[in-house]
Amino acid sequence: MLKISHAGNEVLKTFAPLLERTRTREWIWILFLLAIIGWGLYGLYLQITVGHTVTGMRDNVVWGIYIANFIFFIGISYAGAVISGFLHLLKVEWRKPIIRIAELITVIATLIGPLFILLCVGRLDRLHHLVLYARLQSPITWDVLAISTYLVGGLIFLYLATIKDFAIYRDSTTLKLSKWKRKLFAILALNYRDTEGQKRRIAVSSNLMAIMIIPLAIIVHSVLSWIFGMTLRPGWHSTIFGPYFVLAAIYSGTGVLIIAMWIFRKRYKLEAFILDKHFHYLGYIMLVLAAGYGYFTFSEYLTDWYGSEKWISQLIHKFFDWDQYGALFLFTNVGGIVLPIIVVAVPQLRKPGILAIASAIMVLAMWVKRYLIVVPTLETPLLPIEDIRPEYIKYSITWVEWSLTFGGVASFLLFFTIAAKFMTLIPVSEVTDKEDEKINQIEHGKEYTIPAHE
Amino acid sequence: MKWITIVLMSLLFGGIQPILAQDSTAVAEEKSDGTIKTKMSLTGSQFPDGTIQLNALLRSKVEGSYQKTPNQKVAFFLVNDAAEETALGDSISGPDGIAKFRFNTAGRNTNKDGSFSFLARYDGNDHMNGSESDLLLHPAKLVMEAIEADSTYTLKLKATALSADGSMPIAEAAVAVYVKRMFSSLKVAEGETDADGMLEVEFPKGLSGDQDANLNITAKIEETEEYGNLEANMIKQWGKPVSYEITELPKALWSDHPPVWMIVTFFVLMGTVWIHYMIIILKLFRIKADKDLPAS
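From first to last, the protein sequence lines stand for chains H and E.
For the first sequence, the residue numbers in this note's numbering are 1271 to 1724.
For the second sequence, the residue numbers in this note's numbering are 8 to 303.
This is chain H alone, in the form it adopts within the complex:
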C-alpha cells in the first residue's frame, strides 16, 4: 500500500463523498446541465435538418459565434499548459494544489473547442474528407493535426500526474468505493506500487511532457491564428497574429484557472490547500500577461490605423463607431486589459474574491474580443457587393447559435463534474506533510503565514 501524508489523507477525506457516491444535489446539477445540452442538441438537429439558415451565418459572414467559441475554448486550455508545464519545469512548489484543476481545464477545453468547428461545417456528411483528402498546404489541416496532437499530449500529461493518485484510491481502506470503481482505479493505476523504477519512469515522462506541452501549446494557438493570418483580409493579415493569439490564450486561460480555483475553494472548503498566495501569484502572472496583451493590442490597431489602407480603415471605423462595435471594443479593452491590471496592482483589491470577479469580466471580454476578430472582418468584404440583403452583410447571433454556445459551456461544466467523480481535484499524492501545519493553523482559527522559503 502506498504511503500517504496526513495532508493527503485530509484531501482524500474532503473529496471522498464525491468519489464514493452521487448525491441528490449533484444529480440535480447534472440534470440541469444535461437539459441545457439537450436544448443545444435540438438546435443542432434544426441546423442539420433545416440548414445553416437557422444560424446568422450567410454568404459573406461565413463564420460567427462558433469560431469565437472555438478560439475561446482552445485559449483557456492554455491554463494547463502554462501551470502544468511551465511551473513543473521550474519546480515551483506552489503549483501542486492547483495542478489538477489546470490540467482538467486543458483536456476538457480541448475536447469542447473543436466541436464548435464542426458546427460551422455545412456538410457534416463530408467530414471524413478532412482526413481522406487532407491537404498539407491548408492551415485547416495544420489546425486539425495540431489540436488532435495537443489533445493527446494533454491527456497523457493528465494521466501521468494521476497514476499515483489512482494507486492511492485503489489501496485506500477509508474510501467506500463501489466494486467497479475500485476495479477501474486498479486498471488505471497500472500496478503502481511506488518502486524506484516506477517513480523514475513517471518523473522522466512528466518532464518530457512538460517540455513538449509548452511548444505544442504555442504551435496550436499559432496555427489557429494562421487560419486568419494567412488570408489577405483586413484585420486578419497580420504578422503579430501568432504571438498575439498565444498571449491572449495564456491570459484567458489564467483567468479561467483563477475562477475555477475560487469556485472549488468555496465549494469544497479548500482554504487549507488553495491559499490566498495562489491567487496572488496567478494574479501577478495575469498582470504581466494583461500588460503584454495590451501592448500587442495597441501595436496592432495603431499600425492598422496609421497605414490608412482603405479596407482596414473601414474596419477600424467600425470599432470606434458607437452604433457599430464601439461599445464592445471599449469593453474588451477596459474589462480585458485595464481592470485586471488595476485589481492586481492595488494591494487592497488583491483578494481572491475580487480577483475572481475581475478574471470573470476579463474572460468575458476576451470572448467578446474573439467575436470582434471574426465577425467585423467578414462584414467588411474586399469586393463591393451591390443589391444584397442587409442580413447577408450584417451578422446577428440566432437563438440556435446561443443554444449551442450554452450547450458547449454546459458540456464543459458537465465534464468537470464527471471528472471530479473519478479523481480528487487536488492531487492526493502531491500534497506533503508540509501542508499539515497549514491545516492545523486553519483548523485552530489562525491565519496561515507563508514561510519565507515558499
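Think of the hints as simulated: they come from the structure by calculation, not from any bench.
There may be inaccurate statements among the hints.
Taking lysine-lysine pairs in the BS3-like style, the calculated list, with each CA pair at most 27 angstroms apart, reads [claimed, not checked]:
#1 E:K80 - H:K1434
#2 H:K1453 - E:K80
#3 H:K1273 - E:K290
#4 H:K1536 - E:K212
#5 H:K1273 - E:K68
#6 H:K1469 - E:K295
#7 E:K44 - H:K1451
#8 H:K1273 - E:K247
#9 E:K44 - E:K80
#10 E:K212 - H:K1449
#11 H:K1449 - E:K295
#12 H:K1469 - E:K290
#13 H:K1273 - H:K1361
#14 E:K44 - H:K1453
#15 E:K44 - H:K1434
Derived CB-CB ranges, DEER-like [unchecked claim]:
#16 H:L1502 - E:N132: 41 to 47 angstroms
#17 E:G71 - H:I1300: 37 to 43 angstroms
#18 E:T42 - H:A1305: 48 to 54 angstroms
#19 H:N1279 - E:F274: 44 to 50 angstroms
These numbers come from a predicted model, not from an experiment.
Think of the CB as a built atom: it goes at the ideal place given N, C-alpha and C, for glycine as much as any other residue.
Since the structure of chain H is already known, use the hints to place chain E on it.
Just chain E, lined up with the frame of chain H:
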C-alpha cells in the same frame, strides 16, 4: 488563367442572379397590386453579312430603381406598314437582363421607307407587368478591310446605307475600333468617315493576343438614329503571342503537392512529438510490468 476567369465570372453572375429574383419577389409582396413595373429598351446592331442583332434590355423596378431582370422570355416581331406583326422568335434574358435575337435581312421586305420595324415584347407574369419596345432601322453596313504594308497595320473602313435605289455612303460618322480584352473591349483607334463613307486608321502594334497572336478586332459606328449600331468584326494575327498555359507558381499552395520544405517541417515537428508520445506510452507499459519491491 482564362478558365479561372470564366469560372469566377460564372460564380459572380450565377450568385447575383437568384438574389435579384428573390428581391423582386420581396418587393412585389409590398405593392398593393402585387406586381412589379418593367421597362424594355430595344437596340440593334447591323453586320456586314446582312444580319441584325436585336438586343432587348428588360429591367424591373425594385426598391425605386430599375434593375436588370434575368431569366425572362422576350418575343421579337417584325412589323409592316399595316402594323401587322410577324413573329420572329423569342429569347430568354441573360444575367445582364438582355434578350438577344439575330435577324437575317436576306429575303425580307422592307417597309415603304426602306426600313425594318421591330418590336420586342415581354408578356409579364404573376409578379411582373408586361412591357414592349420598338425599333426602326434602315439597312446599312460597315465593312472593314485589313491592310499590311511597310510593317504597318491599317484598317480601311467603309460605311454605306442600303436602299432600293442602291448604296449610299454614310458621311461624317464617328467610327471607333476596339480590341476584345479579358473583361471588356479596349478602344485602339477612332476617326470620322469622309464624304465617300471611307476611313483609314492605323492599328497599334504590340497588343497582347492569344497564343497564336490573334486579336479580335471590332469596328463600330454607335447609336445612330437611322441605322442603330453598325459593326464589323475580324480576327487578325496582329498581336503579340501570349500563352495562357498556367505556369508553375512557386507559392501556389493550391497546387497538387505542398512545397518540400513544408513536408519536411511537418514531418520533423509531428514526428518529434509523436515519437515522444510513443516513448512515454512504452514507459507506462514498463510501469505496469515492474516487479520490483516498493521503496522502503
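Now for the hints, and whether the structure bears them out:
1. E:K80 - H:K1434: violated, 80 angstroms
2. H:K1453 - E:K80: Measuring from Cα to Cα gives roughly 77 angstroms; hence the hint is violated.
3. H:K1273 - E:K290: holds, 23 angstroms
4. H:K1536 - E:K212: It is violated: about 85 angstroms lies between the C-alpha atoms, which goes past 27 angstroms.
5. H:K1273 - E:K68: The hint is violated at about 86 angstroms.
6. H:K1469 - E:K295: holds, 12 angstroms
7. E:K44 - H:K1451: Violated. K44 of chain E to K1451 of chain H sits at ~76 angstroms, over the 27 angstroms cutoff.
8. H:K1273 - E:K247: violated, 88 angstroms
9. E:K44 - E:K80: Answer holds: K44 of chain E to K80 of chain E is near 16 angstroms, not above 27 angstroms.
10. E:K212 - H:K1449: violated, 92 angstroms
11. H:K1449 - E:K295: Holds: K1449 of chain H and K295 of chain E sit about 21 angstroms apart, inside 27 angstroms.
12. H:K1469 - E:K290: holds, 11 angstroms
13. H:K1273 - H:K1361: Distance ~22 angstroms between K1273 of chain H and K1361 of chain H Cα, so the pair holds.
14. E:K44 - H:K1453: violated, 79 angstroms
15. E:K44 - H:K1434: violated, 80 angstroms
16. H:L1502 - E:N132: 41 to 47 angstroms: Holds - the Cβ-Cβ distance for L1502 of chain H and N132 of chain E, about 43 angstroms, lies within 41 to 47 angstroms.
17. E:G71 - H:I1300: 37 to 43 angstroms: violated, 58 angstroms
18. E:T42 - H:A1305: 48 to 54 angstroms: Check passed, 50 angstroms falls within 48 to 54 angstroms.
19. H:N1279 - E:F274: 44 to 50 angstroms: Since the Cβ atoms of N1279 of chain H and F274 of chain E sit about 49 angstroms apart, the hinted range of 44 to 50 angstroms holds.
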